[in-house]
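*Asks:* Here are the chains, one letter per residue:
4 protein chains.
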Amino acid sequence: MVKVGIIGASGYTGAELIRILSAHPKAEITLITSRQYVGKPLWECYPALSPLNLVFSDHSDDSAFDGADFFFTALPHEASAEVVARILAKGKKVVDLSADFRFNDPEEYKAAYGPHPHPDLCRKAVYGLAEIYADQIRGAILVANPGCYPTSSILPLYPLIKAGLIEAEGIIIDSKSGVSGAGRGATQTTHYCEANESLKAYKVASHRHAPEIESHLSKAKGASVKVAFTPHLIPMTRGMLSTIYAVPKAGVKRADMEKAWREFYKGRPFVEVAPGEVIPDTAFVRGTNRCMMAVRDYPAAGRVVIMSVIDNLAKGASTQAVQNFNLMMGFDETTGLAGQALTP
Amino acid sequence: MVKVGIIGASGYTGAELIRILSAHPKAEITLITSRQYVGKPLWECYPALSPLNLVFSDHSDDSAFDGADFFFTALPHEASAEVVARILAKGKKVVDLSADFRFNDPEEYKAAYGPHPHPDLCRKAVYGLAEIYADQIRGAILVANPGCYPTSSILPLYPLIKAGLIEAEGIIIDSKSGVSGAGRGATQTTHYCEANESLKAYKVASHRHAPEIESHLSKAKGASVKVAFTPHLIPMTRGMLSTIYAVPKAGVKRADMEKAWREFYKGRPFVEVAPGEVIPDTAFVRGTNRCMMAVRDYPAAGRVVIMSVIDNLAKGASTQAVQNFNLMMGFDETTGLAGQALTP
Amino acid sequence: MVKVGIIGASGYTGAELIRILSAHPKAEITLITSRQYVGKPLWECYPALSPLNLVFSDHSDDSAFDGADFFFTALPHEASAEVVARILAKGKKVVDLSADFRFNDPEEYKAAYGPHPHPDLCRKAVYGLAEIYADQIRGAILVANPGCYPTSSILPLYPLIKAGLIEAEGIIIDSKSGVSGAGRGATQTTHYCEANESLKAYKVASHRHAPEIESHLSKAKGASVKVAFTPHLIPMTRGMLSTIYAVPKAGVKRADMEKAWREFYKGRPFVEVAPGEVIPDTAFVRGTNRCMMAVRDYPAAGRVVIMSVIDNLAKGASTQAVQNFNLMMGFDETTGLAGQALTP
Amino acid sequence: MVKVGIIGASGYTGAELIRILSAHPKAEITLITSRQYVGKPLWECYPALSPLNLVFSDHSDDSAFDGADFFFTALPHEASAEVVARILAKGKKVVDLSADFRFNDPEEYKAAYGPHPHPDLCRKAVYGLAEIYADQIRGAILVANPGCYPTSSILPLYPLIKAGLIEAEGIIIDSKSGVSGAGRGATQTTHYCEANESLKAYKVASHRHAPEIESHLSKAKGASVKVAFTPHLIPMTRGMLSTIYAVPKAGVKRADMEKAWREFYKGRPFVEVAPGEVIPDTAFVRGTNRCMMAVRDYPAAGRVVIMSVIDNLAKGASTQAVQNFNLMMGFDETTGLAGQALTP
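Chains as they are written, first to last, in my numbering: chain F, 27 to 370; chain V, 27 to 370; chain W, 27 to 370; chain X, 27 to 370.
No wet-lab data here; the hints were simulated from the structure. Using N, Cα and C, we set each Cβ at its ideal position, and we do this for glycine too. Check the hints yourself; a few may be wrong.
[What the hints assert, rightly or not] Here are the computed distance ranges between Cβ atoms for each label pair:
no.	chain 1	residue 1	chain 2	residue 2	range
1	W	P325	X	Q62	55 to 65 angstroms
2	F	P51	X	E54	37 to 47 angstroms
3	X	K118	V	P102	15 to 25 angstroms
4	W	S232	X	Y228	22 to 32 angstroms
5	W	T361	V	A111	40 to 50 angstroms
6	X	Y228	W	E54	22 to 32 angstroms
7	X	P77	F	G356	16 to 26 angstroms
8	W	A105	F	S89	43 to 53 angstroms
9	V	Y228	W	A212	27 to 37 angstroms
[Unchecked claim] Far from chain F, some chain X residues (derived; all Cβ distances over 12 angstroms):
no.	residue
10	E70
11	A105
12	P132
13	P143
14	S206
15	R234
16	R264
17	K275
18	V278
Just chain F, same shape as in the assembly (with noise of 0.2 angstroms):
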């Protein structure tokens, strides 16, 4: 058994490590930290996790460091970066679920958050999309854990940019969102009577997944790629929809992009072409691991319609984080992450 650490564990995405970790016949949570929570019991944050037997205690010392093996920390973004020095330090492995070291390059990080706090450390960090840096990944001390969007987007567009079938320019990313992305934070736009009955987009142009987005399907081209991407706040708690508009190279069809993702994904557990004439549904994943991803072809419009839908706060995160604990400790990928959609 492992003995793993979750820093920051009173929001969303520590209560759903909490809850997959809690299962995982490979670990056992020893330490839980949170600074509003010090010195309470888990269920006092959590009620729903109240058969769990934690207690937070803080992290601003060290020696806190000391009660746990394998570190995940899901803390806002440059306090993150500061706690992971500080574990990397301690020689212990970190997934960091923030958005500190989603960009190697400290310059790109600057671009879309400011200065870097730790810019000696990006080079140092895996970019922990499993199904596509496997590899680097299992031989790393530290994964930055991909965005949700980037997540939802580059899964279904690496495979289809790398073998050449859709034209890199031009690629239109319509991304929605369950409203548990937002965080626990209790804000105007998270009121239940404002979400509610309510659709909208938001940080249109603007959002700083896009340049991490492109950043990997660059990657997949060789050559830069932009894309327009933009995201909407959904009445619903959990999921994640992005539908992505692109132009085919001549004579491509769904076909062949379905099996261009069959191969580039083959034994990979978690990426699935949605069966038959299936429309991935977010409620298809729920609390799940998995994406799940198709393709039409709309001729008249010289388009092809892809869709790919994840669970924000699982594969957008956190089962997401474990899958990337399995790899770096040499486990089966998929240990602790083999369970079904809640349904319905």
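Once you've looked at the hints, dock chains V, W and X against the given chain F.
*Replies:* Relative to the frame of chain F, chains V, W and X by itself:
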């Protein structure tokens, strides 16, 4: 007071017509019909409308149409055309909420819906998008009420194409609708537990509102326009958002587009450019005849992002039908339609 | 046109007052205040209300009250009493939506809320449940708008107790409210992801609406009445249902109780006994000033089950306040309040 | 590995059984049947369960039952009894999720549901509320899985009545259920737009779960107990809350009742008294086999208020069925049921 009849009043657009017309100062509902509820009081179908003392009758005999002077037909397509023909034969005016008369050219209709049951009547119909075709509507005896998706799409795009501010090629319309758009019939798709906490596209690359949209954008352009249109089902009852991606003409910016909208819709009471930095939210127009639109530059992607919200049952159906009624009867366009959105 | 001012207009009851009063044929909103939004246009607070050309002002100086002739105060309790005193000192009338004047006896208030800031004013206030106290309301200068739970509970129970049809002992009121009852403030409880797919009681055995209910049932009985009252939070924005269990007097049946309601509420436009076998649903009264009630015999349990639905923000707050305004100004009670429920 | 068959697997309780059993370490699903989906893969019915390689078969021929050694029947009542009889005739064990065997006395069944199709089998069945009847369940060949409302009501009430802490007369059970309790069939009631933003009671004074509740409370009391039971429909997918009002015996307080619960349920892994001042919320037990309960004194009303939450599809149906399977097979009761609630 104009005596109005609602044919097919037991569906959601029927209920919304009843809500609006029962409070309309120049209309009196004298007839509501429904095959399913013949002889039953309105409250058996809609207990919410119990204060209204109305009883469903039948419309299988033409004498039924003597009971009113103006008609709203809210029947399934094909069924509607047949009834409309019978009402027109009585010399009475109709706003038809079905798809049956949305194409003046029976061949266009046929391509989307199959052979038209009354091709002779197609050319008599006026497309009831009052912000664009008010003059024709005023003189019409038969108005085809627009589809909800076309309303939300044509309103923002028409002036921009007409003014040559955006390219007419490569337009992507990613639309999202509340569940009421699927009608009141009980289906697997509209089951609460299937639609709640669920998000998906449907009728991808094949929805019949696409040619309706293209038909009017082509008029704006003076040449054939094709779009990529994808509808989505959102877990909420009412509301529709279209997120539209277009290529701006060289040098065109948000301010130019907003100016074009303000000029085109000058004096039009129901179209509004979102004030300040407000992002249109479907909740802002709930239960009203309003359309709120906004646009943002996205130079890095070579696009602009246009957002447009309506209430699919109101401006997307029943209040728009009443707006057409007002114009056809020579009333002020806002009569009975001035209420604010239910908030929250 | 009466010039009306809304003090504390940025909350949900303020927004609902604005929606109703902006369409009221005999009222003109000339003043809205909010400490948080002073100097800002209404749309910055409520974009949904952007068609209204209103700007928030301050009410810290008494001269603010010169801007209107009739006032609605929608402030937190205690804060409200202080402002009401200042308005009354100007010789103007007020409907107060806070809890501050719901008890004529300052001692009763104290037991529930603590020491009253203006005990001298308590006896001047009339309890604004128009279906019971219309005569007093007509002559009042200060009306205390009832709480939402008391409105939904007193309306069905008062006539039955008064007529001696049910025992006044052992009444159980199990009430359920939409989230808007918690106000617009951002809290953990009202976070979308906490309230959605969630159901729970709150303030069990301790909610301050219980004494308010008891106070008026005691008047009906002519002796002290105690009830068991439990509020619940329901994952929906608007609506309130009270399910009430009582012991019928010997031989009393549903028909007797329905008859008592019909007689007591004869000519009262906003109370309705559910027709036929209809079970009251909060959706039936959404956005209206209506209360729908029903009762069923439960002889096996020696009880009757009474159900009563209102919209907590409308009849439970803002439309009821306008009803009181109408009575205080000598207008027809239904002025501005005749619209049907938004359906669906 | 026990080969298990699920008869009537296309409904919601079927899907939940598949979710749980597919991850159960000692069970292998070898048979799923559905008249509607015969020959079709599971994913055509539930795309969410596409990782499972299962195909629906028929159960009209008895040879079908050779395909498994243990059965879960999830059919409508009456249909279930007939199938159960055929399975038992094969010498195999069954947990029946219908209402058909919840009464040992066919006359009691008849009073609620009509004549029993297999009265001879009624007395063979054991009521599958494992926290109370574990010993009988262990030796049973036919277990009748309890109804969801009875589960949520009997669990908190049984120990209190048995210990003589509350009066058995005058108990009021006000229950609230998510929409999934109504099943997967498409009906007007379960239409998203009818159930969303809606709240109402149903089957008032006439629900067939009342006699089931009374039957077991009578066993606790050793004398006939009658309750007043009212179910409500809540706009959420999963979850059930019963708010229960009872008269405490003289001097009995919250602490006494909590103590009685803790003693009665000592060593029972799925019943929990809410810690500290936590109020049970259905979200706390989502997707789990847990029941969380709490009680508050209400001396002013001469009552106590008991709250009890379960997931209607899990502890109220399918996970409880698996708990019974575990006991019948001699497995640890928690096998396959230890996961935490999906949060949020």
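*Asks:* For every hint, state whether the structure bears it out.
*Replies:* Verification of the supplied hints:
| no. | hint | result |
| --- | --- | --- |
| 1 | P325/W x Q62/X: 55 to 65 angstroms | 41 angstroms, violated |
| 2 | P51/F x E54/X: 37 to 47 angstroms | 19 angstroms, violated |
| 3 | K118/X x P102/V: 15 to 25 angstroms | 49 angstroms, violated |
| 4 | S232/W x Y228/X: 22 to 32 angstroms | 29 angstroms, holds |
| 5 | T361/W x A111/V: 40 to 50 angstroms | 43 angstroms, holds |
| 6 | Y228/X x E54/W: 22 to 32 angstroms | 44 angstroms, violated |
| 7 | P77/X x G356/F: 16 to 26 angstroms | 24 angstroms, holds |
| 8 | A105/W x S89/F: 43 to 53 angstroms | 48 angstroms, holds |
| 9 | Y228/V x A212/W: 27 to 37 angstroms | 34 angstroms, holds |
| 10 | E70 | 7 angstroms, violated |
| 11 | A105 | 22 angstroms, holds |
| 12 | P132 | 34 angstroms, holds |
| 13 | P143 | 30 angstroms, holds |
| 14 | S206 | 6 angstroms, violated |
| 15 | R234 | 24 angstroms, holds |
| 16 | R264 | 8 angstroms, violated |
| 17 | K275 | 29 angstroms, holds |
| 18 | V278 | 25 angstroms, holds |
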